[in-house]
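Hey, can you work out the whole structure from these sequences and the hints?
Heads up: the sequence lines are chains R and W, in that order. Under our numbering, think of the first position of the first sequence as 13, with each following residue one higher. Under our numbering, think of the first position of the second sequence as 13, with each following residue one higher.
For the record, the hints were derived by calculation from the structure and aren't laboratory data. Some hints here could point you the wrong way.
[To be verified] Straight-line Cα separation of at most 25 Å, SDA-like style, residue types lysine to any residue; simulated pairs:
| hint | chain 1 | residue 1 | chain 2 | residue 2 |
| --- | --- | --- | --- | --- |
| 1 | R | K252 | W | D172 |
| 2 | R | K233 | R | Q194 |
| 3 | R | K80 | R | I240 |
| 4 | W | K252 | R | A170 |
| 5 | R | K252 | W | A197 |
| 6 | W | K80 | R | R151 |
| 7 | R | K252 | W | G84 |
| 8 | W | K233 | W | S260 |
| 9 | W | K233 | W | A207 |
| 10 | W | K80 | R | G152 |
| 11 | R | K252 | W | A170 |
| 12 | R | K95 | W | G145 |
| 13 | W | K252 | R | Q194 |
| 14 | R | K252 | W | A255 |
| 15 | W | K95 | W | A58 |
| 16 | R | K233 | R | A202 |
| 17 | W | K252 | R | D172 |
| 18 | R | K95 | R | R113 |
| 19 | R | K252 | W | K252 |
| 20 | R | K80 | W | A197 |
Given next are the chains, with one letter for each unit.
Number of protein chains: 2
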Amino acid sequence: MTHPKTTGHIALVGAGPGARDLLTLRALERIRAADVLLYDRLVDPAIMELAPSGTERIYVGKDVGACKWPQGRIDRLIVAKAKLGLRVVRLKSGDPSIFGRACEEIAAARAAGIEVEIVPGITAASAAAASIGRPLTERGETDTFVITTGTCKPGDAAPDRARLAHPGTSMAFYMAVERVAQVQADLMDAGAPAACPVEIVTRASTRHERHVATTLGALSKTIAAEGIANPAILFIRYPKSLARALASTGAVIAA
Amino acid sequence: MTHPKTTGHIALVGAGPGARDLLTLRALERIRAADVLLYDRLVDPAIMELAPSGTERIYVGKDVGACKWPQGRIDRLIVAKAKLGLRVVRLKSGDPSIFGRACEEIAAARAAGIEVEIVPGITAASAAAASIGRPLTERGETDTFVITTGTCKPGDAAPDRARLAHPGTSMAFYMAVERVAQVQADLMDAGAPAACPVEIVTRASTRHERHVATTLGALSKTIAAEGIANPAILFIRYPKSLARALASTGAVIAA
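And the structure:
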């Protein structure tokens, strides 16, 4: 697909989890062809360097002591730039389709009659799994993989986590470090065993990546003791074999 | 990371959903440096062309009239090749961490003392969402995204789908076309409304991609009428606003 300069175009481009070489070839092509690049603090500076020197760069993230751009302001800006006939690239960390607030920008572009596309990216959970060498699903152990978040739209109820506490489920919590006590309590109250293995991966795929292994029962304490902060993935597994092992232990105790 | 020829190495490389430009830069690098490339029918021929002409190519997928390679045979082959000091790339469609059977190959490599890595890839659900311009999560509408499958290890119980029938959930079913009647019945029996929107995307990101929109209540009939076959993603959403709208209708009827 080519985008002649005379027609404005908006691409919501997945910048991936951090490492520059986890960009897709399509993302690289869009960045190299960009007239305007919008980015936030989660996008690695190494990725910004891929754009031509003449590309206008606009930081729309949170500055120290300043407020984050409201979504509506970003929506208006990308539309205004595209209306000038420019190729606008809105970089989003990870995959724009997963907790990327892409809907608002797509709606704004469509309302203005501007062509808009999503370029998928590697989401943080995939990068975390690759880094620790542990897949997100394991045949015979986990058949359902859930991506959910610790933080919701203000005023919304938190996601119902009780239904996730089920053998055969693996879960990646995004942006959940500050709500970790609630996540742990919700899952355990619903029957997830304290022994469920948990891998915490912060800043997956970057040179600041860190990996801590713990269990569901020790999760809050581990987060506090290790001083873990967002962006982090909490990768919590409830393998079928753990459920079977606990059931057989329970049977012995009951007998 | 460099892999000198004298040390064998195994990379489980995500080939992405199909389109060559949805490979990551790291995947491209591994393919270009491969001495041996193992692939199956889901990997696009255009991706195979990226390997040097001297690379040994081994097809481990299902041939017409022949059986698929058993997993153990693949495990033994990648280890044997790496022990010769070769750089082995096992290409897997999508992301090796999601329904990629990566565990077995990682375990075989580790047991043999061979360095093994996962190179993440774009999973089919992300590509499908990008193609249809509809994110997998929508702020205020869906806060939990579930990837699950229609087919399990033989002898295993099917995933418990009842708990997925919950407002705020979006679901991507992989390889579920043949079980679609059961998926539809399980979700509706658990309370998911017939009006839940469904997008069916076959062969996402390839030139054979096809997109059909339907509803949960009409899903089986649509699959049959349209002659849809795997590989397909069934992207089923239960938005919070749909739950609210149905609740208010119910209230009016009850009053």
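- Message: Does R/I240 sit within 25 Å of R/K80, going by the straight-line distance between their CA atoms?
- Response: With Cα atoms ~23 Å apart, R/K80 and R/I240 stay inside 25 Å; holds.
- Message: For a C-alpha distance cap of 25 Å, please report whether R/K252 and W/G84 respect it.
- Response: holds (22 Å)
- Message: Next pair to validate is W/K252 with R/Q194; report whether the Cα-Cα distance is within 25 Å.
- Response: holds (22 Å)
- Item | Hint consistency between W/K252 and R/A170 [alpha-carbon to alpha-carbon, up to 25 Å] | holds (12 Å)
- Query: Is R/K252 close enough to W/A255, meaning Cα to Cα at most 25 Å?
  - Reply: violated (31 Å)
- Item | Hinted pair W/K233 and W/S260, Cα distance within 25 Å | violated (29 Å)
- Query: If you draw a straight line from the CA of R/K252 to the CA of W/D172, is it 25 Å or shorter?
  - Reply: holds (12 Å)
- Query: Given the hinted pair R/K95 and R/R113, is their alpha-carbon gap at most 25 Å?
  - Reply: Roughly 22 Å separates the two Cα atoms, so the pair holds.
- Restraint status (C-alpha distance of R/K252 to W/A170 at most 25 Å): holds (12 Å)
- Item | Given pair status - W/G145, R/K95, alpha carbons within 25 Å | Given that 25 Å is the threshold and the Cα spacing comes to 20 Å, the pair holds.
- Straight-line alpha-carbon gap W/K95 to W/A58, limit 25 Å: Roughly 29 Å separates the two Cα atoms, so the pair is violated.
- Query: Holds or violated: are the alpha carbons of R/K80 and W/A197 at most 25 Å from each other?
  - Reply: Status violated; Cα separation ~44 Å.
Against the hints set out earlier in the document, violations occur for numbers 8, 14, 15, 19, 20.
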